[in-house]
Amino acid sequence: MPAAILDTLSQWTVPVLFAVVLAAGALRGVKVYDAFVAGAEEGFSIAVKLIPYLVAMLTAIGIFRETGAMDMVMALLHPITSSLGIPGEILPLAVMRPLSGSGALGVATELIQTYGADSFIGRLASTMQGTTDTTFFVLTIYFGAVGVRRYKYSLYTGLLADVTSFFASVYFCKIFFK
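For this note's numbering, add 21 to where a residue sits in the sequence shown, where the first one is 1.
Rather than coming from a laboratory, the hints here were simulated on the basis of the structure.
Be careful, since some hints might not be right.
[Stated by the list, open to error] Simulated restraints on C-beta separations:
1) PHE57 to GLY106: 32 to 40 Å
2) SER140 to ARG171: 55 to 63 Å
3) GLN32 to ARG171: 25 to 33 Å
4) LEU126 to ASP92: 13 to 21 Å
5) GLY60 to ARG170: 24 to 32 Å
6) ASP154 to GLN32: 27 to 35 Å
7) ARG49 to LEU126: 38 to 46 Å
8) GLY168 to GLN32: 39 to 47 Å
These figures come from a predicted structure and were not determined experimentally.
Beta carbons: idealized from backbone N, C-alpha and C, even for Gly.
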């Protein structure tokens, strides 16, 4: 498909989808504007409920980084990862990613600026950003907002998925980029 057609399609996708939603609502007799305002009001009240959890999470992450606990965790992991052929430069990202998306993005950006986007470390950082999740952030913010208190198995499952994604990222990046 020519690039011009794809460009035109991508420019019109959101406006057409917006028009379809408005038309479907009108055909069903829904007061679309009132429904939008009610949804926005509900979304705002949920956002206000999330603020204490968000502040607590960001404070904990700041304490984790500033007290040297993150450096200690990386020092403990470095002998294991280096024996597996995993670059030590990627460890701060592996440790930060389950905690904070913005913190991990900052680490990944720093790695890409230092080593280059097309370097092995840059590609590995990008792959890790796309394949792992902010497990503790999700558990704290979203589960806290809806009142889930017992999320033990969710934590284990999320961390297992993060570790699996980390090793899979290294494995596939070594296959494709080395």
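Tested hints:
1. For PHE57 paired with GLY106, a C-beta distance near 53 Å fails the hint of 32 to 40 Å.
2. Separation of SER140 from ARG171 is about 43 Å and departs from the stated range, judged on CB atoms against 55 to 63 Å.
3. As the Cβ distance of GLN32 to ARG171 is approximately 47 Å, the hint placing it in 25 to 33 Å is violated.
4. For the pair LEU126 and ASP92, the beta carbons lie near 20 Å from each other, so the given range of 13 to 21 Å is met.
5. The supplied range of 24 to 32 Å is met by GLY60 and ARG170, whose beta-carbon atoms lie about 27 Å from each other.
6. The hint said 27 to 35 Å for the Cβ distance between ASP154 and GLN32, and at roughly 31 Å that hint holds.
7. A beta carbon spacing of about 40 Å between ARG49 and LEU126 agrees with the range 38 to 46 Å that was offered as a hint.
8. For GLY168 and GLN32, the Cβ-Cβ distance of about 42 Å falls inside the hinted range of 39 to 47 Å, so the restraint holds.
Checked against the numbered hints above, the structure violates hints 1, 2, 3; every other hint is satisfied.
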